[in-house]
Amino acid sequence: MTTELTQKYNSVLVIDDHKMIVNGIKLLIGDLFESFYMAHDGATAKSLALKHNPQMIIVDNYLPDTTGDILIRELKYKLPSAIILVYSFTYSADVILKMLKAGANGYVIKKDDDEEFVKAVHLLLNNKEYFSQEARTHIINRFSGTEDDYSVKHLIANTKFSGKEIEMIKLLCKQMNTKEISKNIGLSERTVEQYRSNITRRIGAKNLAGVIKFALQNGIVQLDDL
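Counted the way the working numbering counts, the sequence shown spans residues 1 to 226.
Hints are computed from structural coordinates only; laboratory data are not their basis.
Careful, some of the hints might be misleading.
No farther apart than 27 angstroms at their CA atoms in a straight line, the calculated lysine-lysine pairs in the DSS-like style are these [said to hold, decoys possible]:
| # | residue 1 | residue 2 |
| --- | --- | --- |
| 1 | Lys179 | Lys8 |
| 2 | Lys183 | Lys170 |
| 3 | Lys51 | Lys8 |
| 4 | Lys110 | Lys164 |
| 5 | Lys206 | Lys128 |
| 6 | Lys101 | Lys206 |
| 7 | Lys19 | Lys51 |
| 8 | Lys128 | Lys170 |
| 9 | Lys164 | Lys128 |
| 10 | Lys76 | Lys206 |
| 11 | Lys174 | Lys164 |
| 12 | Lys119 | Lys179 |
| 13 | Lys98 | Lys164 |
| 14 | Lys8 | Lys76 |
| 15 | Lys183 | Lys110 |
| 16 | Lys119 | Lys174 |
| 17 | Lys183 | Lys98 |
| 18 | Lys170 | Lys101 |
| 19 | Lys110 | Lys8 |
| 20 | Lys119 | Lys101 |
| 21 | Lys174 | Lys111 |
| 22 | Lys8 | Lys26 |
| 23 | Lys51 | Lys78 |
| 24 | Lys128 | Lys110 |
| 25 | Lys183 | Lys119 |
| 26 | Lys183 | Lys8 |
| 27 | Lys119 | Lys46 |
| 28 | Lys76 | Lys46 |
| 29 | Lys183 | Lys128 |
| 30 | Lys128 | Lys76 |
| 31 | Lys128 | Lys46 |
| 32 | Lys98 | Lys174 |
| 33 | Lys78 | Lys46 |
| 34 | Lys78 | Lys111 |
| 35 | Lys26 | Lys119 |
| 36 | Lys26 | Lys110 |
In this text, all values refer to a predicted model and were calculated from it rather than measured experimentally.
With the hints as extra help, turn the sequences into a complete structure.
Here is the structure:
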């Protein structure tokens, strides 16, 4: 944990129409970044993002001139490498899934404690997705339904994975990063990355939620495992 506390990241842009929340975030994580930018509406956010190309973008769902999912899509299109964390009071399943589909890398609910927020920031900046427990529950519940999705079932029936790949899918569902997976299954980090890329390509998953959906529907993991 010591390395996390002393590590300096590049830059962050916080987008929230409540100035007190932005100021609170700055007090909480401002020292972690070389540069800290803030915006209180979507238009200003886009302008600052294009000008400074922040490493991380923290965004609320409701803004005066747009919604978080629309803004995330626009920002991801212009800045595909930006890491986006949603920080919102909203814990509606529909909103969480909209943000996820738009390209969010993580979701933390504002009622969660400060430690969870800081943990999410560190994990995302170390190439790992993070969804707080309530957000993950919504995602899992939505993706573990029994709807008759022919295309998904057809994909599952025709996708065969090795034992090593199945084990990796399980570890990915537990939100382990490349280094952790490497230690668990005894492969180099480079090989793990190749496996991960191959798995997500074959599944057709764009993010962690897609891997979880596949794993649940294919019986690779159970809800109790997550």
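27 angstroms limit on alpha-carbon distance, applied to hinted pair Lys128 and Lys46
The given pair, whose Cα atoms are some 24 angstroms apart, holds under the 27 angstroms limit.
Please verify whether Lys78 and Lys46 have alpha carbons no more than 27 angstroms apart.
Measuring from Cα to Cα gives roughly 9 angstroms; hence the hint holds.
Pair hint Lys164 and Lys128, alpha-carbon separation not exceeding 27 angstroms:
The given pair, whose Cα atoms are some 21 angstroms apart, holds under the 27 angstroms limit.
Given the hinted pair Lys119 and Lys46, is their alpha-carbon gap at most 27 angstroms?
The given pair, whose Cα atoms are some 26 angstroms apart, holds under the 27 angstroms limit.
Restraint status (C-alpha distance of Lys170 to Lys101 at most 27 angstroms):
OK: Lys170 and Lys101 at ~22 angstroms, within 27 angstroms.
Straight-line alpha-carbon gap Lys128 to Lys110, limit 27 angstroms
holds, 20 angstroms
Starting from Lys19, check that the Cα of Lys51 is at most 27 angstroms away, please.
Distance of about 21 angstroms is within 27 angstroms: holds.
Taken at face value, is the distance from the CA of Lys8 to the CA of Lys179 at most 27 angstroms?
holds, 20 angstroms
Run the distance test for Lys51 versus Lys78: straight-line Cα separation, threshold 27 angstroms.
holds, 11 angstroms
Hint consistency between Lys174 and Lys164 [alpha-carbon to alpha-carbon, up to 27 angstroms]:
Status holds; Cα separation ~16 angstroms.
Agreement of Lys174 and Lys111 with the hint, judged by alpha carbon distance not exceeding 27 angstroms:
holds, 23 angstroms
For the pair supplied as a hint, Lys110 and Lys164, confirm whether the alpha-carbon distance does not exceed 27 angstroms.
violated, 38 angstroms
The structure shown violates the earlier hints numbered 4, 13, 15, 17 and 34.
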